[in-house]
Structures are given as structure tokens and as C-alpha cells.
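Since the structure of chain F is provided, determine the placement of chain Y on it from the hints.
Residue numbers (the numbering used here), protein chains in the order written: chain F, 1 to 390; chain Y, 1001 to 1059.
Simulated from the structure, these hints should not be mistaken for laboratory data. For every residue, glycine included, the Cβ atom is placed at its ideal position computed from N, Cα and C. Some hints could be false.
Stated by the list, open to error - Heads up, incomplete: computed chain F residues facing chain Y, CB under 7 Å, no partners named:
(1) 203
(2) 206
(3) 248
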Amino acid sequence: MTAAAKLKTWYWIHKWSSLVCTLFLLVICLTGLPLVFHEEIEHWLDDGKPYATVPEGAAPADLDLIVDKARAMYPKEVIDFVFMDDEEPQVLVGMAPSYDADPDLAHYIKFDAHTGELLKDGRTVSQDKLTFMGMMLALHVDWFTGLPGELFLGLMALLFVVAIVSGVVLYGPFMKKLPFGTVRAERSRRLKWLDLHNLLGIVTLVWAGVVGVTGVINELATPLFGLWQATEVAQIIAPYKDDKPPAMPSSVQGAADAAGKAVPGRTVISMNFPGNRFATPHHYMVWTRGSTPLTSHLFTPVLIDAGTGEVTTIAHPPWYLTALELSRPLHFGDYGGMPLKILWTLLDLLTIVVLASGLYLWVARRRANDARIAAMARSPVAALEAGAPS
Amino acid sequence: MSARAPFLKVWGVPGLLGLLTAFGLLAALLGTGVWHGLSWLSLSIPILVAARYWIAPRK
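Just chain F, same shape as in the assembly (with noise of 0.2 Å):
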């Protein structure tokens, strides 16, 4: 190919993935500005009762006598998990109808760490879709549709990256006689624009291809869950096959404290109840984290039989589910304290500046053209000596 057909193919392939992914990503983006604060309005929000004042160090409340307590408040329901917050002095149980109900009738109680005290017995997963923040994260992930949404706004981001990576080909001969930073404001409004375009747009190119690739991955979330399930955890409980599941778990502080012995060094964070689908009909799947600010984003995931209340083995997820657990900081910039969620919010403006401004470019050169052809039609010598449309 010549270097002229090269440049014409490079610049079908970043119109056409802009085109078709731009309106998407500029949801995206606006939604993803309130999401990089939802803890803080979240936090905000919260009409929960207050965490009670404990001296430093106070042991944490026995988790068996929490989940009794949320068991008793929903005698006919099942638990889904445990979460222990590590930032705050908080226990979340997540029940639902039963296990193969609707993942929409999911709802959490939330419990006071210490004291074991009921502080706020939350709305449920439809509930919540509703609210502001809910609504935010179902623009910004599936648009209410769940896993065909997922994979849609997926592939939506893959063409972003497209876009990005044919952007930077085009960059090169666009700025091969120009000194970097030029932006021609005077000529046309047309050429300002493209000016900035490239300019923003490569001064944003790392950060918005990390946060689009990890924006994939998030969004492969649950195959990539499904994949591994279908693996290693069912080599796992393969030797279960010909037993019932235990009619009655055993106790939760029980394995909570099986697993953290299993694994020294690493905290638990969460745990799946025996059923839910994050677990196996047999084990409670117990999440432990590293202490190191690495280490405290990968999971080893501890397998507690629920007959016995023993340590079934520790699972090693493959490098998919660490690609995975990795995609989630870079994607959200919650890893960094409020100045990184700062520089996440401005770098996410400038992206919006880069979508709507290559928007801009597509129209105005599209007017442009039919101004040429119009001219043209009207006077074809004339058109010709002026360049032919592009």
C-alpha cells in the first residue's frame, strides 16, 4: 500500500469506530463523573444510623450472631454473602428470595462491626437501580439490561480503544509540519477544533486507553467469573457430586476464621454463602486480600466446606480474574486518595472535549463537502480548480 492509501484506511477506521461508539461514550463519560465520588456521595446520602463510638482496637462483633439477627428479619429468605468493610466499622449481609431468584430482589442489611447493632436495612437491587447513583451506574454499565448490556457497552469501548489507537496513526502526518501545542485559531472554526482535537487527544492518550482496555475487561466481568467456575472450581467440587448440600451451613465466624489461618497475612474481606452463584453448592467462597497497596486489590479466594467447617483448599485464580481485579482501581482511580479522583474527573472532561469535538469535526466536514459539491454543480471548472472534494 502506498502511504496515501494507508492514511486514507487509518482514517475510515477512526471515523467509522468513532462514529459508531461516540453517543455511547459520551454517556459513558458523563456518568462516569458522579461515579468517581460514589463513596462520598454515597457516604452523603446514607440515612442509616450512625457507627457506634468503640475505643480503639474493640474486638469485632461475632458474625454468626449478625447473620441470626438478619435471618430472623427475613425468616423466609436466603443469605447471599457477608461483607466486612475494611474502611468502616460495617457489616453488610446480602439475602435474596432464594438462590435462583431474580438478582433485582437482591437487598443488603447493613450492621454496626463492633456492636453487631442493626443500622439500616437497605432497598433492593431494583430499588436501587432508581435512585440517582443506581441510575448513573446503569447508564454507565449495562443500560438496565444486564449481561446483554454489559457486552454491548463492551464492545462499545473496544471501538473506543480502535479509535484511540487509529487517532495516534493519524496524529503523525497530521502534525508533521506543525510544532507541538499549535492550534490554529484564526483561520477557521473548523481548524481550531481539529487542532484541539489532536491536541487533547493525544495528551490524554495514555490515561483514556488504560481506563477504555480496563472499561472492557470490567465489563467481561461475568463470563470471565462464569469461565473460571466452569474450571478450576469445578475440579474443586467434582468429588462432591454424589453428596447433598449441608441443609444447614456451619458456622460463619467459624469459616471466616478458617480462612484467615489458611491464608497468613491476608485479610477476609467477604464471603458467598453455600448456593449463592459466586460460591458452590458445597463451600462458603471465602475473598481474603493482601496487605501491600498491590496486594490489596488480588483476591485469593478460600474454599470452606460447609458440612465440616473446614478449609476445602485456597484457589488460584488465573491470570484473567487478576487482569480483572486489576482493571477495577485503574478503571474507577479510587486507589489514589481524593487528588486522584480529581485528575480523573478533569482527564475525564478533557475525553469529553476530544468525543464531542471529533463529533464537530465529522459534521463540519461533511458541510464542507456538500458546500464543494453544490459549488461544484454550479460551476464545474471553477469547483475543479478549487480541489476536488475529499
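Showing chain Y alone in chain F's frame:
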């Protein structure tokens, strides 16, 4: 003029800003304390560069 000069002229600043961004993203992920500070600093630079040329363009 050598063949390298135009390449650096086009890609020098974008390459540097890209490296700063990558460093900033990883520093906060791998470290705490001073690494968070370095992360904030290095991620601010591309934003400041964008603002500088947007507000006062090079003609």
C-alpha cells in the same frame, strides 16, 4: 537533517506525557505515601500542558 529529528519533533512531547501518565497510574497502585504524591504530580502535568496550549495557543 537526520531522519530522527522530525520523529522526535512530532513524538517527543507526546511520548514524555505518555510516560508521565503511565508512571502516575502505576505509582499510586504500587506504593503509598510519597508515591501517591508523585502520582498526583505526574498526572497533573499532561492536564496542565493541555490547558497551557488551549488557553494560550501556539500559532
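Structure-based check of all given hints:
| no. | hint | in the structure |
| --- | --- | --- |
| 1 | 203 | holds (4 Å) |
| 2 | 206 | holds (4 Å) |
| 3 | 248 | violated (42 Å) |
In the structure shown, a violation is registered for the earlier hint numbered 3 alone.
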